[in-house]
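Protein chains in written order, with our numbering: chain Z, 1 to 518; chain A, 1 to 551.
Source of the hints: derived by calculation from the structure; they are not laboratory data. Heads up, some of the hints might be wrong.
Below, a list of computed lysine-lysine pairs in the DSSO-like style, where the Cα atoms sit at most 27 Å apart [as the list claims (entries may be wrong)]:
(1) Z:343 <-> Z:356
(2) A:354 <-> Z:343
(3) A:354 <-> A:207
(4) A:354 <-> A:279
(5) Z:356 <-> A:279
(6) A:426 <-> A:354
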Amino acid sequence: MRASPGGRAALAEFRANLKAAPRRLYESAFRSGAPTTDRSRSTFVFGNVFLHLHAVRTHRWSLRWTTTLGLGVMSASAFLITLVTGVMLMFYYKPSPDLAYQSIKDIHFVVPTGRLIRNIHRWAANVMVVAVILHMARAFYTSAYRSPREYNWLIGLLLLVVTLGLSFTGYLLPWDQLAYWAITIGANIAQSPRELTDALGVTGLFDPGGFQRLLLLGSDVVGQEALIRFYLLHVMILPLALAALAAVHFWRIRKDGGLTRPADADARLAREPAADTYPVFTEAPLRTYHLAAVVRGRTPAVNDGPEHTLPSMPHLFYAELGVLMLTLLVCVALALVSDAPLKELANPSVPENPAKAPWYFLGLQEMVAFSAFMGGMGIPLIVLLGLALIPFLDRETSATGEWWGGPGGWPLVKRSALVGLAAPVAIEAFAIRFGWLREWFPAIPQLVVTAVNPATLLTAAYAAYSVWCIRRHQSARAGALALFTCFLGGFVVLTAIGTYFRGPNWVFYWSPADWPTH
Amino acid sequence: MNKNKYLLLVSSAAVLLLLIGAAVQETFLQEWRRLQARARTDEGPIPIQLRQVVNDSLRAADRCVSCHVAMGPGEQGVRGEPVLAAHKPVVHDPAEFGCTICHAGQGQATTRSEAHGDVRFWPEPMIPARFSYAGCGRCHATLGVPEQRQLQAAAAAFERLDCLSCHRVDGRGGTLRPDGGGMEGPDLSRVGLAGYDPGWYETHLDKARTASAGPWRGAVGPSSDEDRRLLALFLSTRVASPMLVEAKSVFHSAGCLGCHKVSGVGGDDGMDLSRAGDKDPGQASFHGVPGQPTIANWQLAHFRSPASIVAGSLMPPVAASDRELDLLAMYVLSLRRRDLPEVYVPPDRVRSVKLGEREFAGDGATLFGAFCSGCHGQDGLGRRLPGVLSFPSIASPDFLAIASDGLIVSTIERGRPGRRMAAWLKPGGLRPAEVRAVAGYLRSLGGVPPEEDPRPARWVTADAAAGRKLFDGVCAGCHGPAGGGGEGPALNSIVLRDSATDTFLVKTIGRGRRGTVMPGFLSATPAYPALASADIEDVVAYLRVLQGGGS
Chain Z
1 MRASPGGRAA
11 LAEFRANLKA
21 APRRLYESAF
31 RSGAPTTDRS
41 RSTFVFGNVF
51 LHLHAVRTHR
61 WSLRWTTTLG
71 LGVMSASAFL
81 ITLVTGVMLM
91 FYYKPSPDLA
101 YQSIKDIHFV
111 VPTGRLIRNI
121 HRWAANVMVV
131 AVILHMARAF
141 YTSAYRSPRE
151 YNWLIGLLLL
161 VVTLGLSFTG
171 YLLPWDQLAY
181 WAITIGANIA
191 QSPRELTDAL
201 GVTGLFDPGG
211 FQRLLLLGSD
221 VVGQEALIRF
231 YLLHVMILPL
241 ALAALAAVHF
251 WRIRKDGGLT
261 RPADADARLA
271 REPAADTYPV
281 FTEAPLRTYH
291 LAAVVRGRTP
301 AVNDGPEHTL
311 PSMPHLFYAE
321 LGVLMLTLLV
331 CVALALVSDA
341 PLKELANPSV
351 PENPAKAPWY
361 FLGLQEMVAF
371 SAFMGGMGIP
381 LIVLLGLALI
391 PFLDRETSAT
401 GEWWGGPGGW
411 PLVKRSALVG
421 LAAPVAIEAF
431 AIRFGWLREW
441 FPAIPQLVVT
451 AVNPATLLTA
461 AYAAYSVWCI
471 RRHQSARAGA
481 LALFTCFLGG
491 FVVLTAIGTY
501 FRGPNWVFYW
511 SPADWPTH
Chain A
1 MNKNKYLLLV
11 SSAAVLLLLI
21 GAAVQETFLQ
31 EWRRLQARAR
41 TDEGPIPIQL
51 RQVVNDSLRA
61 ADRCVSCHVA
71 MGPGEQGVRG
81 EPVLAAHKPV
91 VHDPAEFGCT
101 ICHAGQGQAT
111 TRSEAHGDVR
121 FWPEPMIPAR
131 FSYAGCGRCH
141 ATLGVPEQRQ
151 LQAAAAAFER
161 LDCLSCHRVD
171 GRGGTLRPDG
181 GGMEGPDLSR
191 VGLAGYDPGW
201 YETHLDKART
211 ASAGPWRGAV
221 GPSSDEDRRL
231 LALFLSTRVA
241 SPMLVEAKSV
251 FHSAGCLGCH
261 KVSGVGGDDG
271 MDLSRAGDKD
281 PGQASFHGVP
291 GQPTIANWQL
301 AHFRSPASIV
311 AGSLMPPVAA
321 SDRELDLLAM
331 YVLSLRRRDL
341 PEVYVPPDRV
351 RSVKLGEREF
361 AGDGATLFGA
371 FCSGCHGQDG
381 LGRRLPGVLS
391 FPSIASPDFL
401 AIASDGLIVS
411 TIERGRPGRR
421 MAAWLKPGGL
431 RPAEVRAVAG
441 YLRSLGGVPP
451 EEDPRPARWV
461 TADAAAGRKL
471 FDGVCAGCHG
481 PAGGGGEGPA
491 LNSIVLRDSA
501 TDTFLVKTIG
511 RGRRGTVMPG
521 FLSATPAYPA
531 LASADIEDVV
541 AYLRVLQGGG
551 S
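With the hints as constraints, model all of the structure from the sequences given.
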């Protein structure tokens, strides 16, 4: 049969389509063409579901290293690293008390690169906790929580809680002695409201502590139920929650007008040479406004020209990728130097002494040693509530975006750091040397100890000092600076004492070498 | 903002370098890879890969064979460095059982120190090579192991009767004689487990008598009953673990069971040793332990000076030679357990656990060695230990001459309530036949039959009040006020009331016990004046009051 002319044309078209398919595939994916000009780069960012969390243009102030120290991106990067390595570990990990420990041993010894991946996962998790805390401190000290960013500050607090939850739930999974007893301690902290209900004699009617513990463990003991709960929380619920919250967090940065910067940032930048920026205006803009202009509120360019903004692509992305790779570098380097711990197989009949919670909870455990309720519930809730209230109590506007900005400034922070470090050291030294109420008056009602103990006294001292700072500087921001700094100081001191100076039965020792042998 | 670009470049390059380094380390530098690369078979090099022995029911995944390649299944032909060598022939094929079930260690690990368990947080380090037989104890419970002297006598009998000329035992013997008169008999290394023809003696004799020529001719001659008893004892302990049997025999001579329990049998004063070999070096204090911090060294130091290793320990130092201490350490290391699937529980363990068969031999010497000698001494002449009341000399001829069998048996069965001597007739203690065997052995130790005693058990009718004065002045110093016991034995014991005759008490006071601080009161001593027979009877009358009268 002979092909008709129409058939030949169809074949030719088919050949042409086939030839053009790769180009068309590329064009359908990257509609704006190669991102070679300012405009195509902007379109590229705007048209990409992942990249459009960023504004298409970034203020030069935001790209200065001193503005953020890269801590937010570092937190997100650490999360990304734990996510990837965590998924890899899931291929081999078996969430059952009989198999979990063996599977970790297998990951350690025979899974190709398993040991490295697990080490990276563990270090990235720790880096994430540290980075998140430092990121919060950065946001606080540059007053980044102020209007219109109050909401994002609250999201950030939630992210902090979820981060700690992720790290804590991961702690149990190896099912070794370290994990088992750390989780036992953690579960007892969750049960700490019982101290209050016991003291009030209402535990039989109302037992939120027992309920919390049951909710956490799914059983009276740390066993299969607890393991599967922690596993599910660790690999699904909390990561999803964190990803969702993080998306809101990032989106909000854009919606709130980019990163906080001083009111006179443009003027200050104008004094600096801009030689390190690319010659990016390779093509005249098609339109005279730019995309950020559609954003409501105090956007970076509503009243100003775009002189001090740069296209996010590539400038912001270099910075972000740079921090990502730096974080990865830190994690890989640590992973090569130091193995993630794996102690003996969990053994409920051989308690670890001392049994210690993960390091970021050792401050709490230190307080729990004095009063379970205050250390485990009361003070953490007060701290979280205080942190949440900061943006609503500090409505000042001066020195936003400045490090240590606000009345008092850096000298106040320094003084507060001194108070924040010295007060817990003094109170702990007293309590360690002379004991506390229970040692002096064995029959004293527990409620008194719950109300009056080193942890509550410390909190009260911090609060009193902050109020004094508010009066002295006539500024709520000064009080916030004082309180937040004190809180960080207390966290550091209590965590250090819990980590390094507490031995069997939570007795104080200068060094583990002094621990009694058994 | 070029510095961000450089940040990205430098960090990425550094990450890449680290990952390349890690890849090289993992792919090329592992110890087992280097070892396997140097291994050869007749066909040439072997494939370099991770090797393991897997036994699901024993929960073993032992990667030991990644280095010890020739110990793996089907790899016997591998040659090279010593570490690659094949396992010596053993009953349990490593290819089936894996390595850690016997040797302990961390089978999943793939580096030397971690696999051998010489690392923190691994509770089961490898059993040191010189104590390897201790690994048998994880599953096996060798039954009927006698005390040392008998085991030695049994081994000596086996040698003396020249059984080794035909039979191979524990790697010795069974070769043809140089004169061509010998032959290959069955290997007897495991007859203790496998059993043997009880009529072997007659069969052997028959064959030796009827054989007109060849190796059988004149090979076996008549032997005494005692020799055959020793041979039977020797054969019953041949379980392919000669060193562990020897170690257990030392344990059964050192009196440890008097205070310690093993598998539910023994005294209650000391720690239960049933799992002592499972002791976790991570949980032990090595303060005062010389040498490497291993459990074996801990045990050795502990035997030599218990109180300096375990604060407050009342255990006396173990009086034994270095070799015996080594064997004891090995036995303690063998006291380990693991839950086994039923098919892997060996018959000897079943017979011990389910049928109540004893791990020690049932003769008096072994029972005395295992249960009594710790306190009363190997020779039964008592022991004085620092910080502890002295233990009576029960093999003293002075005692045995006047003590009836009934008194000895009931003392063992009922003990001395309130004193260190426990009542041994109880679950976890001795059985009636065993008590009688101990009493019989004791009698043989003294070599003295009990004197005839025509008198009734109670014949003393004297003045207890006068006896009391004498007792308070003369006896109470050692025997305690009201006879409650002190340095000397308690005399108000209900067991003495029930089992000691008046004759026994009168003669004991009159003659004393040579070799102890108890003098004979019929004649004067530097410390005490002599007592008249009537005075002694007064004292006995008072003792009966102290014991609560009756009977």
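Going through the hints against the structure:
Our distance criterion of 27 Å between C-alpha atoms is met by residue 343 of chain Z and residue 356 of chain Z, whose separation comes to about 13 Å. Distance check on the hinted pair: residue 354 of chain A and residue 343 of chain Z sit about 36 Å apart at the alpha-carbon level, beyond 27 Å; violated. A hinted pair counts as satisfied when its Cα atoms are at most 27 Å apart, and residue 354 of chain A with residue 207 of chain A does not qualify at roughly 40 Å. Restraint check for residue 354 of chain A and residue 279 of chain A: the C-alpha separation of about 26 Å stays at or below 27 Å, so the hint holds.
A threshold of 27 Å between alpha carbons decides the hint, and for residue 356 of chain Z with residue 279 of chain A the separation of about 24 Å falls inside it, so the pair holds. A hinted pair counts as satisfied when its Cα atoms are at most 27 Å apart, and residue 426 of chain A with residue 354 of chain A qualifies at roughly 18 Å.
When the structure is compared with the earlier hints, violations turn up for hints 2, 3 and for no others.
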